[in-house]
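Peer 1: Given only the sequences and the hints, what does the whole structure look like? Please build it.
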Amino acid sequence: MERVPRVLVTEEAQKVIDQLRGEHGELMFHQSGGCCDGSSPMCFRQGEFRIGLSDVLLGEVHGCPFYMSRSQFAYWEHTQLTVDITKGRGASFSLEIPLGIRFLIRSRPFTSEEKKALTPIESVS
Amino acid sequence: MSVTLAGYKKPNTEGSVLQFKKQYENFIGGEWVPPADGEYFDNPSPVDGKIFTRIPRSKKEDIELAVKKAHAVKERWGNTPAAKRSRMLLKIADVLDKNRELLALSETWDNGKPIRESLAADLPLASDHFRYFAGVIRAEEGSMSEIDANTLAMHVKEPIGVVGQIIPWNFPLLMAAWKMAPALAAGNCVILKPAEQTPVTVLLFAELIADILPPGVLNIVNGFGPEAGQALATCPDIGKIAFTGETTTGRLIMQFASENIKPVTLELGGKSPNIFTESVLAKKDSFFDKAVEGFTMFALNQGEVCTCPSRALIQESIYDEFMEKAIERVRKIKLGDPLDPTTMMGAQASEDQFQKILSYFDIGKKEGAKVLFGGEVFENKEYPGGFYVQPTIFEGNNKMRIFQEEIFGPVVSVTTYKDEKELLEIANDSLYGLGAGLWTRDTHQAYQIARKIEAGRVWVNCYHNYPAHAAFGGYKQSGIGRENHKMMLDHYRQTKNILISYDQNPTGLF
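Chains S and D are the protein sequences, given in the same order. For the first sequence, the positions run 1 to 125 when the UniProt record's numbering is used. For the second sequence, the positions run 1 to 510 when the UniProt record's numbering is used.
Because the hints were derived from the structure by calculation, they are not lab data. All values derive from a computational prediction rather than experimental measurement. Ideal placement from N, C-alpha and C gives every residue a C-beta, glycine not left out.
From the structure, some residues in chain D lie toward chain S, with a derived Cβ separation under 8 Å: (1) A195; (2) E196; (3) F224; (4) T244; (5) E246; (6) L252; (7) Q255; (8) C306; (9) Q353; (10) K356; (11) Q404; (12) F408; (13) Q477.
Listed next, the in silico EDC-like pairs over lysine to aspartate or glutamate satisfying Cα-Cα at most 20 Å (straight line): (14) S/K87 <-> S/E12; (15) S/K116 <-> D/E367; (16) D/K399 <-> D/E316; (17) D/K366 <-> S/E77; (18) D/K421 <-> D/D442; (19) S/K87 <-> D/D42; (20) D/K366 <-> S/E114; (21) D/K59 <-> S/E23; (22) D/K325 <-> D/E395; (23) D/K370 <-> D/E324.
To give an idea of the chain S side of the interface with chain D (calculated C-beta under 8 Å), a few residues: (24) S32; (25) D37; (26) M42; (27) T86; (28) P98; (29) L104; (30) R108; (31) P109.
Peer 2: This is the structure:
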């Protein structure tokens, strides 16, 4: 059975990831929540943001692990996420900000068929 | 006269009260200092999408210079008598009042908020904040306790020294005031990093008050989060870091602080429930009218408020009638030119924020929420390049993502509850706990329900009031610590305990 991915990435976002990887090395994403730039995915150098037992790994986007806190995932797990980009100047420490663009999440609910074949999430140990 | 019937004149046009410089610098050690590597970034206005000035793109070296200047003066500033510090804060407040129109116009142009709001809220609240802390430090005292007849414990409050503050873009000057005023009042030197979307007004503010504070006491370093912000948060010579923003950066800041064992205060947002009980509709009086207005508060500041009442919980028995009135009131929200004093809602603060709100319109609809009002972009004919959305009401259930995430836009998600039990289940079914609103004519309910809501601020029969004398901060993932209120001073101080013996005799132990 082919697994349905929980997180996808657009071509435009892949180009930005490549550019940032060239500049900073291996990268990771952590989905934020809350005020201001909350709900935006944050892109960091791999290992810079300390992942813990409170996080889950949803999958990989263009070679970068994509994490979210477990408590937030409980409210998001019924939706498929797509990492996209938009013009604009976000705040936060996400690496793409100096480029004048911002990673952005687009979402859609999984169908009931898809829900039977979702990629399992991985705990962080 | 800077204001006409048609509104304020645009900055940088002839006759406008406000002419921005082509480029600004950092405010370090009382001087205007260019960034070390000479880089700047363009600053657009969300009102029309056009670039109007350039801001330093500072890095670690600039942060380090500011920290060095602050350290050079911290002892002198910390030992300045409270009366003298207080007088300086009062002078700052006077300057804010005197320049209210100029700074309000700057805030509107940089952030997009309507001038009505920056004149009536941002500026007067900012000046009052300085006055509040100027007053508090004149009246408060340390403590002394007699441990026994010959032993005395003195508790003296001492400033931390040099503190870092990273502020958000929704109320740029007011949030700077919320952080600066208590830190300076407590005797600290400050390194402030404004948000990169809205850096300008606090620089105008620094120009105006530059002569009031001794050089090095207040330092403003601009730049991007991953460069200047991170350099500030990781700096080992900062005694404390305060941040307003979102959860991932909040965690990262705690992680950096843990490396240097430094305290942090964090305000990370919310998903505040605004609760309407059936007694609201018992009479069609002015209180009912006030409650309907309270519902509409989700549109204040285009919804870009950490405590935006973005979930409305309405008792089933009054739902239809209440919503009819509520929609009627939302329909009256005037969108348009942010410089027109009658405009109620202006532009969203930046393009990415605008796009994010649209992405929530999309997921809300896909999840099956019903759009009761709005749900689309607002085409502002005067400013086709600006970032405007319609005030929006969704109807759905609390498990939908539009009920769980802070959209930070003029969007309210409405649902119903049967009784108090269900009210509390829904209200507290959230990762966050910053604010809540409760509307009732029943005083028992007002107290009992307010106590059971997991949030740091519960507005009862009001919403969106922010007096300096009321503590503000979050439960759960909404953060750590408080802002406002004199208790805030303790987030910027150490407690020195001096334990004194007045006994002439040895203890006899050795």
